[in-house]
Amino acid sequence: EAGVTQFPSHSVIEKGQTVTLRCDPISGHDNLYWYRRVMGKEIKFLLHFVKESKQDESGMPNNRFLAERTGGTYSTLKVQPAELEDSGVYFCASSQVGWGYSRQDEAFFGQGTRLTVV
Amino acid sequence: AQTVTQSQPEMSVQEAETVTLSCTYDTSESDYYLFWYKQPPSRQMILVIRQEAYKQQNATENRFSVNFQKAAKSFSLKISDSQLGDAAMYFCAYRSEVETSGSRLTFGEGTQLTVNP
Numbered sequence: 300e301a302g303v304t305q306f307p308s309h310s311v312i313e314k315g316q317t318v319t320l321r322c323d324p325i326s327g328h329d330n331l332y333w334y335r336r337v338m339g340k341e342i343k344f345l346l347h348f349v350k351e352s353k354q355d356e357s358g359m360p361n362n363r364f365l366a367e368r369t370g371g372t373y374s375t376l377k378v379q380p381a382e383l384e385d386s387g388v389y390f391c392a393s394s395q396v397g398w399g400y401s402r403q404d405e406a407f408f409g410q411g412t413r414l415t416v417v
Numbered sequence: 125a126q127t128v129t130q131s132q133p134e135m136s137v138q139e140a141e142t143v144t145l146s147c148t149y150d151t152s153e154s155d156y157y158l159f160w161y162k163q164p165p166s167r168q169m170i171l172v173i174r175q176e177a178y179k180q181q182n183a184t185e186n187r188f189s190v191n192f193q194k195a196a197k198s199f200s201l202k203i204s205d206s207q208l209g210d211a212a213m214y215f216c217a218y219r220s221e222v223e224t225s226g227s228r229l230t231f232g233e234g235t236q237l238t239v240n241p
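From first to last, the protein sequence lines are chains A and B.
Just add 299 to the spot in the first sequence (first one is 1) and you have the working numbering.
Just add 124 to the spot in the second sequence (first one is 1) and you have the working numbering.
A portion of the hints provided could be inaccurate.
As the list claims (entries may be wrong) - Taking lysine-lysine pairs in the PhoX-like style, the calculated list, with each CA pair at most 25 Å apart, reads:
| # | chain 1 | residue 1 | chain 2 | residue 2 |
| --- | --- | --- | --- | --- |
| 1 | A | LYS314 | A | LYS343 |
| 2 | A | LYS353 | B | LYS194 |
| 3 | A | LYS340 | B | LYS202 |
| 4 | B | LYS179 | A | LYS340 |
| 5 | A | LYS377 | A | LYS353 |
| 6 | B | LYS197 | A | LYS340 |
| 7 | A | LYS377 | A | LYS343 |
| 8 | A | LYS340 | A | LYS314 |
| 9 | A | LYS377 | A | LYS314 |
Don't read these hints as lab results, they were simulated from the structure.
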């Protein structure tokens, strides 16, 4: 069974440009999360999808970030325009359910996308 | 809001020895989950061990065990018989069991573990 996959693995863009990150969750996982780790800091929550709906987007830093989940399958995270402080590793995770249920709530992570804004 | 603190940015251990990674957290909730995640150099983060706050018994998974002190809000990870493959960044994480709080994870800053042969 394929795990959570993220594309690209690494992206270097100039300030002001646009970048789109993609996440393919594990098949059948309704819950999809985006997290970000800025260098040396803790991993911070960005948002949570349940199927195609945004359940919680309280962690999105500003309106330069736009997340979508088409048809409840893969998700994209667009940063437009990118700023220097957006550099970091963006992680995607998916889980079958949100809570409890005998570990069906376990979150599986992708390898992350390392974004460098220069 | 909940916070998670890992006070050891780096730790090292000799192969076959035991090492303990520290984690403290702050919450006003009584029901929650605690996790330790491992991120090897390949960067995919994997779950090492989880603890339900209502359980008094400390979780164990093979060579990995936790010391969960609910009153002290402490959740340390002990790795016994350390192996070279244990070298990774370890993250402590918290998740509420209250549905209205969301199912997101709150992470600490991580501890980079080096295993010396």
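Q: List in ascending order the numbers of the hints, as given earlier, that are violated by the structure.
A: Numbers 2, 4 - these are the hints that the structure violates, sorted from lowest upward.
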